[in-house]
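Chains as they are written, first to last, in the working numbering: chain L, 1 to 347; chain Z, 1001 to 1347.
Misleading hints may appear alongside valid ones.
Unchecked claim - Among chain Z residues calculated to face chain L with C-beta under 7 Å, some are:
#1 A1073
#2 I1199
#3 W1230
#4 S1235
Everything labelled a hint here was simulated from the structure, so no lab data went into it. Even for Gly, the Cβ is constructed at its ideal location relative to N, Cα and C.
Protein chains: 2
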Amino acid sequence: MVLADGWLTARNAKTAHGVIKYGRGRIAAVVDREHAGRSLIDVLPQLGRDAPIVPDVQQGLAYEPTSLLLGVATPGGWIPDHWRAWVVTAIEHGLEIANGLHVFLNEDPELVRLARRHGAQLWDVRDPPADIALFSGRTLALPKRVVLTVGSDCAVGKMTATLELASAGHAEGYSTQFVPTGQTGILIAGWGIAVDRVISDFVAGASERLACETHPSTDVVMVEGQGSLWHPAYSAVTLGLLHGACPDVMVLCHKAGRDAIEEPPYTKLPPLAEMVATYEQMASTLRPSKVACIAVNCGEGVDRERELRSIEDETGLVAGDVFAGDAPRLWKAVASALPPRRGHHHA
Amino acid sequence: MVLADGWLTARNAKTAHGVIKYGRGRIAAVVDREHAGRSLIDVLPQLGRDAPIVPDVQQGLAYEPTSLLLGVATPGGWIPDHWRAWVVTAIEHGLEIANGLHVFLNEDPELVRLARRHGAQLWDVRDPPADIALFSGRTLALPKRVVLTVGSDCAVGKMTATLELASAGHAEGYSTQFVPTGQTGILIAGWGIAVDRVISDFVAGASERLACETHPSTDVVMVEGQGSLWHPAYSAVTLGLLHGACPDVMVLCHKAGRDAIEEPPYTKLPPLAEMVATYEQMASTLRPSKVACIAVNCGEGVDRERELRSIEDETGLVAGDVFAGDAPRLWKAVASALPPRRGHHHA
């Protein structure tokens, strides 16, 4: 059961949208007072999944959910009183609470006590493990190829590009694994570390650990990127993730038409070709790494063909929009940029 | 009173050395069993200060200290049992305990209880404030010039260069203020934030806050750098600090002869000129910033004259060794790279 509560169609329901579109669990019901009584597929057809929309958690219980997802960023960040009452109800019914917010349920002694009594799990998705080690370079010895999505800015579609490319690679017979580094990805995959919540000394160590913890049969590790080297608030996370993951290949994700970061201080972005060169240069201290292609999030009202052609001309790289089905084409560019398989299979 | 306990002359007493050399408080006594009975000035003349060396905390109490500094990185990181007994003794005598270690005294309920009873302060120097905001760009509106030391690697002398340059600038009539970003600097200045302990999303916000919290009369803010863009374990901290501080001018700190990072995975460093260009490029997303000079830590057994001349030839920048008294010369290069004063004094 997904709690959206009036924000279902708003941008701050990004986590809910991601989990509905890419999550593997059944969606029992969506809680949203604005659209209660309608069907999810009618309200948000682009998510491609249906579920009843109910006005509150009590009515959602009729659809036998096993967990309640708090997947909306509330203005101000904390849980409104009526949400807290719903969380209590859900706990009393033994549901797992999956919390993507910055505030942690496990820091609320009353909820912790209640959950213990009812055998309910409280999953604070952003809470990193306590035992993350410093970066050591062991990713460099990993017998797997690593692909990392990197961005021109925040919120340009890095997670979606990573998921779609992992899936396109899988369809081509590659053993790909998606590595989540943010709350939505973690909720979708059921594991991962929110690297932006890790103490800054340990960002690279956390990324390294994630790349190394992929399934032994994985050949191509697909790491979800975060932030942008040009977004001053998040560039630390971006660079720590880049160095920790030691990518062999990168995919630059970009939102069509954006020429400055979307948040204060709204600084100007360099041309795409310069961003490609900078990411390659910053990665190179660990190993040579190329940007294989550009994943352009064209969005609405853009002449997609023309936009992609112009970016291809500018950068000399393949450009495609994974939101419009171009992942297989972009995967081809990624696959041909991959180095030979490492490990025990060398000739 | 400074606790060194057998490590006084070892590299892991870096924090103790820094505080002894640059701290403004009186050094009542130094606890070190190896050199007990001797004088500090005889054992470590380069620190330029004297104090009796005693074998334990009990004997140090005779010299009427007001605080006990834990300024040695112990192997393994935690406090040995006999240290803990000493800390208890010091608390019982009402001393403030200044702790530069990763482990926090305030997380030890017994010590917290004891300190409360005796009116003793427990100062965990690395513990960041809880209310750090995200980077917003307000540093850009600050009517102060900002100088940041940046490094080719860790442990190349960035803190010392920052302190020596702040002092050289002060001697030339500039209103400089040293901004500490690591535990030793914080112990010396009595304020600051250990930016490597901050949650990664907030590194830039913490740096911004530090630059903005300098005294209103400060004209030139001298920010202590951390890590290196080429040290993969710490590059996240380095870039977050760079973007948060928004420097007008940078000083590249380097250890003579080092051509690879000193820790795993021992990756190669690029030529100095390339490091200068990369720091300038990464800073430029916020505002134009030049590396004004190179602070070279020549160390022992190096032909200093020749080393500095060769670096000047390679980079086209002034090079000097602040450990050998070159700070005034380097300050000249910094001063002439500073932009005009901002704020209310424009023509």
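Against which earlier hints does the structure fall short, listed by number upward?
Number 1 only.
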